[in-house]
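Q: Letter by letter, the chains look like this.
Protein chains: 2
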Amino acid sequence: METISDRILMGPGPSNPYPEAVAALTRPMLGHLDPEFLDVLDVTCDRLRAVFRTENPLTVPISGTGSAGMEAAFVNVVQPGDVVVVGVNGLFGERMCDVAERCGAEVVRVDAEWGQPLDPDAVLSAHPSPKVMAVVHAETSTGVRNDVAPLGAGKGDALLLVDCVTSLGGIPVEVDGWGVDIAYAGTQKCLGVAPGLAPLTFNQRARERQIERPHSWYLDLGMIAGYASTAGARKYHHTAPVSMIFSLHSGLGALLDEGLEAVWERHSACGRRLHEGLRKLDLDLLVEEQHRLPELTTVVVPDDVDDAAVRGRLLAEYGIEIGGGVGPLAGRVWRIGCMGHTARIRNVVLLLSALAEVLGR
Amino acid sequence: METISDRILMGPGPSNPYPEAVAALTRPMLGHLDPEFLDVLDVTCDRLRAVFRTENPLTVPISGTGSAGMEAAFVNVVQPGDVVVVGVNGLFGERMCDVAERCGAEVVRVDAEWGQPLDPDAVLSAHPSPKVMAVVHAETSTGVRNDVAPLGAGKGDALLLVDCVTSLGGIPVEVDGWGVDIAYAGTQKCLGVAPGLAPLTFNQRARERQIERPHSWYLDLGMIAGYASTAGARKYHHTAPVSMIFSLHSGLGALLDEGLEAVWERHSACGRRLHEGLRKLDLDLLVEEQHRLPELTTVVVPDDVDDAAVRGRLLAEYGIEIGGGVGPLAGRVWRIGCMGHTARIRNVVLLLSALAEVLGR
Numbered sequence: 207m208e209t210i211s212d213r214i215l216m217g218p219g220p221s222n223p224y225p226e227a228v229a230a231l232t233r234p235m236l237g238h239l240d241p242e243f244l245d246v247l248d249v250t251c252d253r254l255r256a257v258f259r260t261e262n263p264l265t266v267p268i269s270g271t272g273s274a275g276m277e278a279a280f281v282n283v284v285q286p287g288d289v290v291v292v293g294v295n296g297l298f299g300e301r302m303c304d305v306a307e308r309c310g311a312e313v314v315r316v317d318a319e320w321g322q323p324l325d326p327d328a329v330l331s332a333h334p335s336p337k338v339m340a341v342v343h344a345e346t347s348t349g350v351r352n353d354v355a356p357l358g359a360g361k362g363d364a365l366l367l368v369d370c371v372t373s374l375g376g377i378p379v380e381v382d383g384w385g386v387d388i389a390y391a392g393t394q395k396c397l398g399v400a401p402g403l404a405p406l407t408f409n410q411r412a413r414e415r416q417i418e419r420p421h422s423w424y425l426d427l428g429m430i431a432g433y434a435s436t437a438g439a440r441k442y443h444h445t446a447p448v449s450m451i452f453s454l455h456s457g458l459g460a461l462l463d464e465g466l467e468a469v470w471e472r473h474s475a476c477g478r479r480l481h482e483g484l485r486k487l488d489l490d491l492l493v494e495e496q497h498r499l500p501e502l503t504t505v506v507v508p509d510d511v512d513d514a515a516v517r518g519r520l521l522a523e524y525g526i527e528i529g530g531g532v533g534p535l536a537g538r539v540w541r542i543g544c545m546g547h548t549a550r551i552r553n554v555v556l557l558l559s560a561l562a563e564v565l566g567r
Numbered sequence: 207m208e209t210i211s212d213r214i215l216m217g218p219g220p221s222n223p224y225p226e227a228v229a230a231l232t233r234p235m236l237g238h239l240d241p242e243f244l245d246v247l248d249v250t251c252d253r254l255r256a257v258f259r260t261e262n263p264l265t266v267p268i269s270g271t272g273s274a275g276m277e278a279a280f281v282n283v284v285q286p287g288d289v290v291v292v293g294v295n296g297l298f299g300e301r302m303c304d305v306a307e308r309c310g311a312e313v314v315r316v317d318a319e320w321g322q323p324l325d326p327d328a329v330l331s332a333h334p335s336p337k338v339m340a341v342v343h344a345e346t347s348t349g350v351r352n353d354v355a356p357l358g359a360g361k362g363d364a365l366l367l368v369d370c371v372t373s374l375g376g377i378p379v380e381v382d383g384w385g386v387d388i389a390y391a392g393t394q395k396c397l398g399v400a401p402g403l404a405p406l407t408f409n410q411r412a413r414e415r416q417i418e419r420p421h422s423w424y425l426d427l428g429m430i431a432g433y434a435s436t437a438g439a440r441k442y443h444h445t446a447p448v449s450m451i452f453s454l455h456s457g458l459g460a461l462l463d464e465g466l467e468a469v470w471e472r473h474s475a476c477g478r479r480l481h482e483g484l485r486k487l488d489l490d491l492l493v494e495e496q497h498r499l500p501e502l503t504t505v506v507v508p509d510d511v512d513d514a515a516v517r518g519r520l521l522a523e524y525g526i527e528i529g530g531g532v533g534p535l536a537g538r539v540w541r542i543g544c545m546g547h548t549a550r551i552r553n554v555v556l557l558l559s560a561l562a563e564v565l566g567r
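Listed in order, the protein sequences are those of chains H and A. So the number in the numbering used here is just where the residue sits in the first sequence, counting from 1, plus 206. So the number in the numbering used here is just where the residue sits in the second sequence, counting from 1, plus 206.
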């Protein structure tokens with residue numbers, strides 16, 4: 207008989223999904239053109255608008271994981287030669303550069319040290335007239351929150367493109383309020399749903415600059431909108447990932463029943479408790495308090511401690527997953543996620559106790 | 207309380223998933239780097255090799271639906287100016303042209319009428335030295351099976367790229383035996399798993415001609431292989447759709463426990479029974495017997511019958527979904543699928559009875 211483990215997922219994602227999201231995965235399959243499924247899809251898009259805080263009609267779950275959302279965001283607006291300013295202070299900013307370059311963009315990087323926030327003025331003044339200005343709201347690789355509102359206020363003629371993979375449903379995201387033109391997320395972080403879908407939203411400004419025939423057929427938003435949009439007749443594009451959409455529909459339902467602000471506060475309370483507890487264990491946090499995410503915390507691995515051994519013992523002895531560092535932070539930090547259904551005080555208390563035992567503190 | 211319907215899915219897909227595949231969707235979430243998940247992924251890839259009948263080390267589930275598999279197949283080998291011969295006798299051959307053109311290919315079309323098979327000699331002689339020769343094995347839009355083996359035998363220096371979305375797990379597919387270099391499928395047809403993943407296999411010949419940095423970051427097979435391949439250290443690319451992979455793992459397990467040949471025979475028996483029953487109802491089948499798929503049958507809508515009304519009554523009164531025609535066949539045919547867990551004689555018997563009642567025959 208195969209082993210089936212039941213982890214407490216406190217790494218950089220996936221998080222533990224909401225029970226409602228898990229139960230919905232087994233809802234009986236429907237065809238992707240079944241009126242009952244299309245109702246579920248429409249409600250799912252409405253719920254995504256609620257969590258993105260947007261009125262954008264083009265708000266859909268892309269049929270891939272968060273990185274497919276990133277690619278869809280770029281490939282639909284960036285053509286060869288376009289100038290794209292990218293704020294880079296972590297792995298996902300780096301990934302944005304790679305994706306934009308593959309679209310043929312002239313990428314203008316604005317770097318900040320991993321663990322430090324971006325300087326919005328540096329992003330705004332990096333180029334006189336970029337087509338796109340792109341930043342990661344919550345850097346999963348570092349635990350840093352980058353300020354988005356100043357970029358929306360100063361973006362001028364550029365499109366503001368924001369990665370909300372680790373922020374959506376965990377901390378305030380205000381797509382319309384901040385002047386964000388394009389945003390995407392993933393389901394497996396603070397939304398508390400399995401990985402596999404990428405919520406994406408494009409405002410009217412972004413739609414007006416959409417490329418008519420992007421390199422990607424699969425991520426062609428014009429065609430996706432023709433299927434997912436409720437306005438006009440549905441036109442088949444690709445078969446929707448029906449079970450995952452059932453799950454997102456129900457996970458978002460649970461989240462909105464609790465209340466978006468209440469969910470933000472729950473993530474915030476878990477983060478505060480976690481940060482206090484880690485300091486009591488004499489552990490240093492990489493990111494300064496004012497830029498620190500509640501849902502993803504980077505802890506400096508003490509000099510005399512074996513990074514991987516601690517993670518291994520947490521997994522083997524307590525069934526708790528935490529993440530290691532990546533890039534320049536590999537071996538230097540642990541990444542502790544507290545997102546979605548994982549964001550419960552009981553999980554924080556357990557992790558702190560387990561960590562104290564493993565570290566002998 | 208929301209309505210939750212339980213359909214018998216006899217359209218062009220999705221089919222009803224195997225109970226084992228459904229149950230596995232709720233297996234407790236694991237991280238995408240958890241050793242227990244990586245074991246499941248490795249076994250899933252082994253099982254895919256078994257159903258593809260290949261030894262190709264690079265055999266993976268792509269994190270998107272079947273069309274993402276198509277895009278991954280083209281985007282990793284086709285560069286601007288490359289000649290790609292595409293056999294077109296249905297919607298998915300058309301889609302291949304679109305995808306190849308977006309890669310910058312010079313597409314050489316070889317057309318056959320919708321409902322007729324491709325002429326292998328015409329495909330082989332369409333261009334003296336194409337880089338890629340691409341065909342759809344089982345055309346979901348028409349119910350036609352195109353012969354693949356003669357193309358493998360005569361392909362010369364070209365890469366043979368085959369769409370197995372509606373054939374894999376339903377009728378014989380012999381990737382290695384037929385000399386197929388690149389093949390992809392979808393989970394939601396004869397594999398009897400929810401839509402959301404695209405099994406893909408590349409042989410050594412195809413890997414040697416892989417583009418180093420394709421337009422798509424998300425579908426970059428070099429990077430995907432670095433994560434999914436068991437050879438060497440795993441390198442994070444994107445977060446795997448964990449629950450869907452659990453489901454594919456279990457669905458393939460059920461299929462292989464039954465036995466691949468037994469599953470082919472079950473699909474074949476359902477097809478024979480369906481075709482006989484339809485003829486007894488005095489209905490004409492679009493495709494000649496020797497090219498007709500057992501798993502996807504196109505039925506000519508009689509002149510005096512309202513296409514959509516019949517489909518609507520089957521859905522509303524019997525909970526059975528069948529599909530309408532697309533493209534030049536819109537309004538002219540019904541598409542009846544009998545794939546995966548749907549491929550049971552009891553479903554065929556029920557459909558035939560329901561159709562007889564609705565048609566008053």
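Where hints are given, some of them may not hold.
What the hints assert, rightly or not - Listed next, the stretches of chain H that the computed footprint assigns to chain A, with coverage defined by at least 3 CB atoms under 8 Å from CB atoms of chain A: (1) 338-352; (2) 489-495.
Said to hold, decoys possible - Only pairs whose alpha carbons sit at most 20 Å apart, straight line, appear in this in silico SDA-like list of lysine to any residue: (3) A/Lys441 <-> H/Val532; (4) A/Lys441 <-> H/Asp304; (5) H/Lys441 <-> A/Gly537; (6) H/Lys441 <-> A/Leu297; (7) H/Lys441 <-> A/Leu330; (8) A/Lys361 <-> H/Pro534; (9) H/Lys337 <-> A/Gly537; (10) H/Lys441 <-> A/Asp513; (11) H/Lys441 <-> A/Lys361; (12) A/Lys441 <-> H/His333; (13) A/Lys361 <-> H/Asp304; (14) A/Lys441 <-> H/Gly530; (15) A/Lys337 <-> H/Arg538; (16) A/Lys441 <-> H/Ala514; (17) H/Lys486 <-> A/Arg538; (18) A/Lys361 <-> A/Leu330; (19) H/Lys441 <-> A/Cys303; (20) A/Lys441 <-> H/Ser559; (21) A/Lys441 <-> H/Lys441; (22) H/Lys441 <-> A/Ala514; (23) A/Lys361 <-> H/Asp513; (24) H/Lys337 <-> A/Gly518; (25) H/Lys361 <-> A/Val532; (26) H/Lys441 <-> A/Arg517; (27) A/Lys486 <-> H/Pro534; (28) H/Lys441 <-> A/Gly530; (29) A/Lys441 <-> H/Asp513.
Hints in this document: simulated from the structure, not taken from any laboratory. Every residue, glycine too, gets a C-beta built ideally from N, C-alpha and C.
Q: Now tell me if each hint is right for this structure.
A: We went through each hint and held it up to the structure:
no. : hint                  : verdict
1   : 338-352               : violated (count 0)
2   : 489-495               : violated (count 0)
3   : A/Lys441 <-> H/Val532 : holds, 11 Å
4   : A/Lys441 <-> H/Asp304 : holds, 17 Å
5   : H/Lys441 <-> A/Gly537 : holds, 15 Å
6   : H/Lys441 <-> A/Leu297 : holds, 13 Å
7   : H/Lys441 <-> A/Leu330 : violated, 34 Å
8   : A/Lys361 <-> H/Pro534 : violated, 47 Å
9   : H/Lys337 <-> A/Gly537 : violated, 44 Å
10  : H/Lys441 <-> A/Asp513 : holds, 18 Å
11  : H/Lys441 <-> A/Lys361 : violated, 36 Å
12  : A/Lys441 <-> H/His333 : violated, 34 Å
13  : A/Lys361 <-> H/Asp304 : violated, 35 Å
14  : A/Lys441 <-> H/Gly530 : holds, 13 Å
15  : A/Lys337 <-> H/Arg538 : violated, 47 Å
16  : A/Lys441 <-> H/Ala514 : holds, 16 Å
17  : H/Lys486 <-> A/Arg538 : violated, 73 Å
18  : A/Lys361 <-> A/Leu330 : holds, 7 Å
19  : H/Lys441 <-> A/Cys303 : holds, 19 Å
20  : A/Lys441 <-> H/Ser559 : violated, 31 Å
21  : A/Lys441 <-> H/Lys441 : violated, 38 Å
22  : H/Lys441 <-> A/Ala514 : holds, 16 Å
23  : A/Lys361 <-> H/Asp513 : violated, 53 Å
24  : H/Lys337 <-> A/Gly518 : violated, 48 Å
25  : H/Lys361 <-> A/Val532 : violated, 44 Å
26  : H/Lys441 <-> A/Arg517 : holds, 18 Å
27  : A/Lys486 <-> H/Pro534 : violated, 70 Å
28  : H/Lys441 <-> A/Gly530 : holds, 13 Å
29  : A/Lys441 <-> H/Asp513 : holds, 18 Å
Hint compliance for this structure: hints 1, 2, 7, 8, 9, 11, 12, 13, 15, 17, 20, 21, 23, 24, 25, 27 are broken, all remaining hints hold.
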